[in-house]
Amino acid sequence: MSDTPIARGPVAVSPATVRDGWEVDARVATGTLTLSDESPLAKVHVRAPFDGASRAALGVGFGRTARADLGTGEVLVVGSGPGEWLVLGAPNTAGALRAAIEERLAGTGEFTTVLDLTHGRGLLRLTGREAATVLGGVCAIDFGDAVTPDGTALRSSLAAVVTDIVRDDQGGTPSYLLHVERSSGQYLADALLDPGRPSGLEVTGFRGLA
Amino acid sequence: MSLLPTTRGPREAAAPSARLGPQPGEVIDRRRSIPFTWNGEPHTAHPGDTITSALAAAGVRVFARSYKYHRPRGLLTADYLDPGAFLQVGDEPNVRGAHRLVEAGMAVSSQNTWPSLRYDLKAVNQLAGRFLATGFYYKTFIKPEPLWPLYEKVLRRFVHAGAITPERGAAVYDHRHAHPDVVVAGGGPAGMAAAVAAARAGASVMLVEENHQLGGHLRWGDAADLTALAELRARVAAEPGIEVLLDSVVTGRYDDNWVGIAQRDLPGVTERLIKARAKTLIVAPGLIERPYVFAGNDLPGVMLSTAVRRLINLYAVRPGRRAVVMSANPEGDLAVADLERAGVEVAAVLDARDRKGVVRAHGRGGLRAVETNEGRRIEADLLVTATGWTAPTSLLNQSGDRPIYDPRSARFVPDPARMPENVLAAGEVVGDAGVEAIVEHAEAVGREAARRAGRIARAWRAATPAPADTTDPSDDDPVTIPSLAPQPHPELFAAGTGGFVDFCEDVSAKDITTAVAEGYDSVELVKRYTTVTMGPTQGKLETVNAVALVAAATGRSIAETGTTTWRPVYSPVTLGALAGRPHEPVRYSPMQSWHERHGATPLVAGQWIRPEHYGDPAAEVRAVRTGVGIIDVTPIGKLDLQGPDVPQLLNLLYVNKWSKLGIGRVRYGVMCAEDGVVMDDGVTGRLGEDHYLMSTTSSGAATVWEWVENWLQTAHPDWRVHVTPVTTAYASINVAGPRSRELLARLTDVDLSADAFGYMNVRTGAVAGVPDCVLWRIGFTGELSYEIHVPASYGLHVWERLMAHGADLGVQPFGVEAQRILRLEKGHFIVGQDTDGLTQGFTAGIDGLIKLDKADFVGLPELAWQRERDEHPHLVGLRPVDGSVVPPEASQILDRSGGIAGRVTSSRMSPTLGRAIGLAQIDRELAAVGTRVTVRLPDGRDITAEVTDTVHVDPEGERQRV
Chain A
1 MSDTPIARGP
11 VAVSPATVRD
21 GWEVDARVAT
31 GTLTLSDESP
41 LAKVHVRAPF
51 DGASRAALGV
61 GFGRTARADL
71 GTGEVLVVGS
81 GPGEWLVLGA
91 PNTAGALRAA
101 IEERLAGTGE
111 FTTVLDLTHG
121 RGLLRLTGRE
131 AATVLGGVCA
141 IDFGDAVTPD
151 GTALRSSLAA
161 VVTDIVRDDQ
171 GGTPSYLLHV
181 ERSSGQYLAD
191 ALLDPGRPSG
201 LEVTGFRGLA
Chain B
1 MSLLPTTRGP
11 REAAAPSARL
21 GPQPGEVIDR
31 RRSIPFTWNG
41 EPHTAHPGDT
51 ITSALAAAGV
61 RVFARSYKYH
71 RPRGLLTADY
81 LDPGAFLQVG
91 DEPNVRGAHR
101 LVEAGMAVSS
111 QNTWPSLRYD
121 LKAVNQLAGR
131 FLATGFYYKT
141 FIKPEPLWPL
151 YEKVLRRFVH
161 AGAITPERGA
171 AVYDHRHAHP
181 DVVVAGGGPA
191 GMAAAVAAAR
201 AGASVMLVEE
211 NHQLGGHLRW
221 GDAADLTALA
231 ELRARVAAEP
241 GIEVLLDSVV
251 TGRYDDNWVG
261 IAQRDLPGVT
271 ERLIKARAKT
281 LIVAPGLIER
291 PYVFAGNDLP
301 GVMLSTAVRR
311 LINLYAVRPG
321 RRAVVMSANP
331 EGDLAVADLE
341 RAGVEVAAVL
351 DARDRKGVVR
361 AHGRGGLRAV
371 ETNEGRRIEA
381 DLLVTATGWT
391 APTSLLNQSG
401 DRPIYDPRSA
411 RFVPDPARMP
421 ENVLAAGEVV
431 GDAGVEAIVE
441 HAEAVGREAA
451 RRAGRIARAW
461 RAATPAPADT
471 TDPSDDDPVT
481 IPSLAPQPHP
491 ELFAAGTGGF
501 VDFCEDVSAK
511 DITTAVAEGY
521 DSVELVKRYT
531 TVTMGPTQGK
541 LETVNAVALV
551 AAATGRSIAE
561 TGTTTWRPVY
571 SPVTLGALAG
581 RPHEPVRYSP
591 MQSWHERHGA
601 TPLVAGQWIR
611 PEHYGDPAAE
621 VRAVRTGVGI
631 IDVTPIGKLD
641 LQGPDVPQLL
651 NLLYVNKWSK
661 LGIGRVRYGV
671 MCAEDGVVMD
681 DGVTGRLGED
691 HYLMSTTSSG
701 AATVWEWVEN
711 WLQTAHPDWR
721 VHVTPVTTAY
731 ASINVAGPRS
741 RELLARLTDV
751 DLSADAFGYM
761 NVRTGAVAGV
771 PDCVLWRIGF
781 TGELSYEIHV
791 PASYGLHVWE
801 RLMAHGADLG
811 VQPFGVEAQR
821 ILRLEKGHFI
831 VGQDTDGLTQ
841 GFTAGIDGLI
851 KLDKADFVGL
861 PELAWQRERD
871 EHPHLVGLRP
881 VDGSVVPPEA
891 SQILDRSGGI
901 AGRVTSSRMS
911 PTLGRAIGLA
921 QIDRELAAVG
931 TRVTVRLPDG
941 RDITAEVTDT
951 VHVDPEGERQ
961 RV
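Line order of the protein sequences matches chains A and B. Just so you know, we're using the working numbering here: the first sequence kicks off at 1 and counts up by one. Just so you know, we're using the working numbering here: the second sequence kicks off at 1 and counts up by one.
One chain only, chain B, in its complex shape (with noise of 0.2 Å):
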């Protein structure tokens, strides 16, 4: 167990500097340095460090503890998989650290090591590690049941993750929709080399790699691998068909070729998630190199062969001062001398083609020393280990394809017979013949994507209403792939004397075989028991091992044992990625910069932005009702109707009768649902012999467009009725008040006496110099008041004149609160407040509205078996008897008895009549004007209030009729 120094802590000399000279193929920029900070303490990188590179210069060898058992670890992979580099970086957890680039001012920190990563605390799991052995969850605290939250808490404690803050960060996210013809998914020579044939043939091309630059596994070959690179990308850069998205991931592809794609590499953007709607899909990630499984195998120290190149040849990192390497490939070969010439000492190279190796690596917090199968042991602070490939399928796997096991190359292939016809394979996950057999190969597979995805668009195009297209050549011929086949390599999985399989999980070899003799000899299910593969590297390290470890532990041989399934998302994907750019569509009237000049309180009705009052709703009221006010009131839904059949389009939806309306008339109404419930009210003025604006409630002006199509289209196609919602087509402005026909006349040219313009009428003339706007006299607060709808455009010219040309008269604006309280001093009821789902047409009130003798209307055999029934509860007007009691909304009212006997819908304090004021919806035998009614209000208070008439002011009409 180390508890005890695993790295570098305040108190110890500095290590020397690891950061080598110059390298042909570096990606840091030595010019410059940048601050960052590592648990608090001061360290520079280059432009071009990745945190743990930039650390592992300056000595640092350990930068996490383990998941279970909080075991140190280092570098294995030293790039994106890399297991033992999960880092904090500011408030944003899990961050790669051998992949993020350091940016100055960082501050990185290890995550969950209490009280610090030197002395992890936690690590005292590892005294319990018999005890935590496979199942030990499900075992444990599986009972007693109720302890689970217990238990919960105590687990989330040990669980190796960062911490985010509550409070919303900077970080912002991003949608985009893309439609290339081909996606490449991998940047190495093939992906390149794909990439550039398809684009030649014509083909946009997504070319999508995870690393920071193009070029696989050239970027840290030799000089002839530097050779190649450059030329593949200057091949690129000179194709403007190609889009090249660094820093980023194909996460998925699923059906129709949708392919997601984490784009990281945004200035100003933190992650993006691409949808691409892919023609065809190049699939070159290349391969990732397996770890072998052997005891100590998760120390510090102990690297893959691509991890110790990756160090020395991008960032000129001295890996370690004394090394041994156990190569069973050329590219470990080439590890060995890339250590050479870097200046570490290679003690010895197990050449495991010769049946040479490593069974167990010694060390307390970082590796001392290594124990050959010959039985030596090797001093060393490095153990580079060259032991196999895995080819990452995942992206074929979920194309349809499965993997065939190839004992040859010691891999899993694809299979081509299985892959769609818009997927295709290029590179070394194919096979790997030398750069230049893979180029061939890619560039065969791009023209063949291109030819594809030429095909496909042809079909699209001749589906679309576009004209014909004759310029495109007729389907090609298939080109011809040339094959690439694995190269043999031994068979090298685990040397038996156990070690970690799954770092990420702390699944262990005896973990898996444990599984398997408890009876788990499926690798699916070794995977749930063990969790192995099911860590954020999610299998491209583990599953080729844990599939090795479960053959060898049931008898059967690896291709007979198969694959676990591999799922999208490839690379685990940020939930902001996910969720994008927020889209809450607002909606603003044509005034809204003038509301916001003069202090509008803004209230969030449905889209709409509206003013809610200009601070002091009750001064409102009483300027309305003393002298003139003006509201925005552009909401309103409002409908044009065209046609001939319009009458009986409204005698249908509307409770009363339409035949009758004049033109210059205008008409309030009620719609009900087929089960005569409520659904919306308003006027609807008739402009011309055909022709017809109705008005609808502001919240339901989309649903009455809605619910009138409907019934055109299925019910009454025969009837010839046009209509097209003009909601916004209107900047609608009511001028309300005693003084209203005299600011309104100083406006507009239409005559506003009583006799020529009675209420419940309608002209069209000009406003304010503006042509073509519709005058309503109707009222909802109740006062003589003009409704007026201007085209939009002139809104806020209407409006500042109106403004302007009333100030002598005090005419003030008035927001949303003021309109309401005035219309609850009318008694108007609101639909959706005063009513609810289950209000049918008689509960409102509008039993003279009605028309049951109608031949037919929408609701009218409910409302009829209402009205027969009657039974129902009534809207009626409420009075608390204590007047300075304003019941909140929604209080209940009791009956006699204590029941339920209905609730307020309504309430606010009047201004006009100085007490408070509300509507109820009340059981009908507490209904009668001048019943008392206890009201519980929600604090748990009784009040008592007295039933009256809907109408509290001006229950005549006098006022709105003058």
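So here's chain A without its partners, still in its complex pose (with noise of 0.2 Å):
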């Protein structure tokens, strides 16, 4: 047993494997339709007027997510409510990415709150082409390009746990952020994969950001 600190992911993992200080799965998925833990991400909430100085700065509105450097990297910005937006960086930057945006919101004179959300949420990925059918197990939304194309954002029911759903396709292929309370994030987990699996689901490890 290591005095080192080890962070976890709220999604049980086997075999695991440790990177950037964090367990993560060590799963190797050889299939397209996959599940991925992407908890160490850094998660950065904000909270000001709904379309103020702040969205401007923040770049983008609710509903709709944007890829930006805020100064510490390349993040996804996600407006994931009215007045509400998740910032997604790489593993261990939200201190830094925190400090970036409280300083880029500084000069807007709102009320703003910037609160680093890394452990206190969960964060899954859903790839593949199948990934809309999947999702289709637990959730009424249409998932079609008409209704949800790359870069929306919109809160929903996932198996009857509120989750926010950020679709972020992957070279071209559909994928799907699903970001909900930590301690729902094994459930969700086993909500997906559960019927998920005979669509060829796989876990497959900690992929970042990119």
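No lab work stands behind these hints: they were computed from the structure. Treat the hints loosely; a few may be bogus.
As the list claims (entries may be wrong) - Lysine to aspartate or glutamate pairs mimicking DMTMM-like chemistry, simulated, CA-CA at most 20 Å apart:
#1 B:657 with B:379
#2 B:275 with A:202
#3 B:143 with B:167
#4 B:851 with B:674
#5 B:854 with B:871
#6 B:275 with A:3
#7 B:275 with A:145
#8 B:854 with B:836
#9 B:275 with A:103
#10 B:854 with B:675
#11 B:68 with B:152
#12 B:660 with B:521
Stated by the list, open to error - Computed footprint of chain A on chain B; a stretch qualifies when at least three of its residues, placed anywhere within it, have a C-beta under 8 Å from a C-beta of chain A:
#13 169–178
#14 262–272
#15 430–440
#16 712–724
Bear in mind the structure is a predicted one, so any value in this text is a computation, not a measurement. Built from N, CA and C at the ideal position, the CB exists for glycine as well.
Using the hints, put the two chains back together into the complex; each one sits in its own frame.
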């Protein structure tokens, strides 16, 4: 038992490996429909007026996403709710990212809050052509291109768990980031894997933001 | 009446096989045989065989007894709708034996026959047939009313249905939501052609087919049909935009094209309900062949022309040896050709177009002879009828359409003018003019459906926050859909000699005419009075015949009589599919794996799975009182509050004062609702100038968050406060006991000395190398304790370090049960256990906390009034005089006159005091310390208990303030 702190995501891993101080799943999927625990990504939560200067500073509004560099490397800025943003960055960059965002918003004069929720939320990524079908097993939302194209963010219920769903395609392949309360992460993973197995859904290790 | 032999029994010589040589369109795999049993007897089938095709190949002709009269029944349609083939398969009742494919090891049996299918004594009902006529149940069992439960029990024994077991079966059910552009209901030639055309136009398509293969009637057709079938299947297979669902049924169409689909072709899933939100729906169900009503029409051996064609061409089964065919259409004529090719002797062909026909079938337990309208009696074991078609317009009816009766084709046809924009019809349900014309019509329908779906998609896209789409073409012109007319067909419904109209419900032609004679002259009333069309086939075989009989009996035309209403569901759906896969969220703390590895007994607390204890809760209590214990309290609700107006918010929501809470200090607070009832409690610490961390009860976390947001958003949107739930951002661990400081000091850089970090203070720092931990010095257990909130990803790491570094101190994990005992010894109440929906603040004993001199807070007027009335019950401590008796919680406390004066809210054996202790809510007259009261136990015994202070252990609080 090491005294060096090891961070762990909400989903049990087997076999495990350690990357950047995080215990992550060592599996590498061979199929094209995958589920990975992306909880090590830095997750910074921003509250600010719905449509003010902060929104302009963050570069995206409610319901959409944008890739940006806020000074800590590439991040994904998600308009996760009315007056709410979620900024995802590389593992172990939450402190710097939070500071960068606070600095960026300081000049707006608006009442804003920037909070590091890296450890408070679980983040799963479901990727593959059949990803929307798997989500259809636990959610009534239309995940087709007409309604939820790449870059869409919405909040809904997945298997009865409140989830921020972010479509963030990977190389043209549909991919969804699923952001939940950390304590619900294992349940949500199970709720997706169970109906997803007939479609060939496999667990794969941490992928990162790119 | 036929109580006697109706099917081949074990003592009879085995019937010669009815299996034919290979057929061009057969769907069975002759290379393999699979075993199954039928009423306990071993049988074999080929893969692809239905249960009844395999049994028919073995010479079995009777598969069931009828619903009311227990008459022997054989195959009628030889497909999903067959009313004579509802069977029990293992523990699954009401299986459609003419549709379900045989699987190895299946145990198939007939339903509700006694003692056997062959000798069914319940067929005695036929003797009472004259008394079981129309409305029998309504007329007979209405009085005397008290006897109905007895009647019900007896009647249930005669119902033709299978048996279920109370045990949970191995069946798996599922739900899926889907949003295809186009759903095509029906995978015949029209459905396939429409699906291909829609997909080629860019639409995503779900093609839903009830049978196990695409193709509809082409499957049992001639060489030209099979060629067309192969071509259409190839086109479907070549379109990646088509999702084919076999053995699946569109069960209903609801508002906004919400389409239910029962899918049964999934490996590992018994049935799945797909909730499809289709942009357009194409209804292409084909036609259903209609039975003819005449005396004896339910005898085994009387079949529809499509049934014999299915048996011969799909399953290579000879349906009989000597046949009479009554044909009114080309399909009937083709059946004659098939029969002759199969080696069946065709004794007579009665051409109904020349007004020849059957009037009566004779036999006992099976067809023996046919009587024609020319007075001939022809010996035969097979009578084939081809007397007309019913257009299954259910889905169109459910879409608002009202089909019109077309006497020229003798069927109801859709009214295109009444169909909504997002529903179209294709194929034979519209008209039947040969495969080429059907395909041409369906292709146009498919293109038009795709066009309309595209228009809807563009409207949706424009309404989403997505960037403007510039790639979509503008709306295309509507597709011209060629006309498709129904072919002429003679009106043939009934011979006028009696017979059954509804084979599922045993409703006869006489029942219909009797109902009309009794005044039920509307087809809707006849339906309800006789139950015609209310069986598992839901009118698909019976409706038109029933309407024709009502029309004849009332003197009205069929068009004037109209049809009954075809409602969802189109075909039965299992309750399991409706329920789907259960989604009951559970929540785990980061330390869950450790709890499991160390034998914790799980406790379901709301959604949370918590350790109740690790084997001995009393020992866990003693460990905390004498040494040190740690408990996982992650579920404690936590809200991050930021902003300059947080103190105003706290002052509004809590009954006590918050304006002067200094940085680094923690304060306990109680929230009441507007009615003064206690709704939650917890501590709030001030972490920075405008930064606070509020804790709530575990069960109240979501409620309090909503409560806070509600006040902020509705009453005080001007306040600058941001609230963020962070319950699971932290793994929360309470380190409690006289040696807790010693243990924690080994792992943190925070100064834990009493002077530097006093009771009701908060600090932040590193624990076990993990930065940004929040440490509260508070005490729910009544001991020196620290509640540490660790960034959740490191929760397991810190927990394991605490256990490792405290080994020499005897550190023990303790669970929720020990915590409940500890807090009861200390006299802390639990909201929701020691309070209820009527417990106002002063009842809860928080008098010192309630600051009525505050300008305002939620519940202030009610609490002021409660104190002014001073007649409320009180929360008190309670000790049974006999300390060995632990009164169960909720035991009643009696006043001196025997009335109810309160109840025990918490009760445990205290390991620290070695006696029973409790908390109780009690009338103020009995609330004084030292009062002796009577507690009535659930078993009726009365015990005496003494009212005490709420705090049973360390009333001075010295242990927690060291």
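Sort out whether residue 521 (chain B) lies within 20 Å of residue 660 (chain B), counting only the CA atoms. This hinted pair is violated, its Cα atoms lying about 83 Å apart.
Taken at face value, is the distance from the CA of residue 3 (chain A) to the CA of residue 275 (chain B) at most 20 Å? 51 Å, violated
20 Å limit on alpha-carbon distance, applied to hinted pair residue 275 (chain B) and residue 145 (chain A): The hint holds at about 19 Å.
Hinted pair residue 854 (chain B) and residue 836 (chain B), Cα distance within 20 Å: 25 Å, violated
Quick check: the region 262–272 of chain B, covered by chain A? Criterion 3+ residues, Cβ under 8 Å. This one holds; 4 residues, not fewer than the three required, reach chain A with a Cβ under 8 Å.
Quickly compare the C-alpha distance for residue 275 (chain B) and residue 202 (chain A) to 20 Å and report which way the hint goes. Between residue 275 (chain B) and residue 202 (chain A) the Cα gap is close to 25 Å, so the pair fails against 20 Å, i.e. violated.
Taking 8 Å as the Cβ threshold, is the statement that the region 169–178 of chain B is covered by chain A upheld or broken by the three-residue rule? Three-residue rule met by the region 169–178 of chain B, so holds; n is 5.
Decide if the proposed pair is consistent with the structure: residue 854 (chain B) and residue 675 (chain B), CA atoms, cutoff 20 Å inclusive. The given pair, whose Cα atoms are some 17 Å apart, holds under the 20 Å limit.
Okay, the region 430–440 of chain B and chain A, do three or more residues pass the C-beta test at under 8 Å? That given contact is violated, which follows from only 0 residues of the region 430–440 of chain B lying within Cβ reach (below 8 Å) of chain A.
Restraint check for residue 68 (chain B) with residue 152 (chain B), where alpha carbons must lie at most 20 Å apart: Judged against 20 Å, a Cα distance of about 14 Å means the pair holds.
The region 712–724 of chain B covered by chain A? Criterion: 3 or more residues, Cβ-Cβ distance below 8 Å. Answer holds; 3 residues pass the 8 Å Cβ test.
20 Å Cα cutoff - pair residue 854 (chain B), residue 871 (chain B): Judged against 20 Å, a Cα distance of about 23 Å means the pair is violated.
Of the numbered hints stated above, those contradicted by the structure are hints 1, 2, 3, 5, 6, 8, 9, 12, 15, listed in ascending order.
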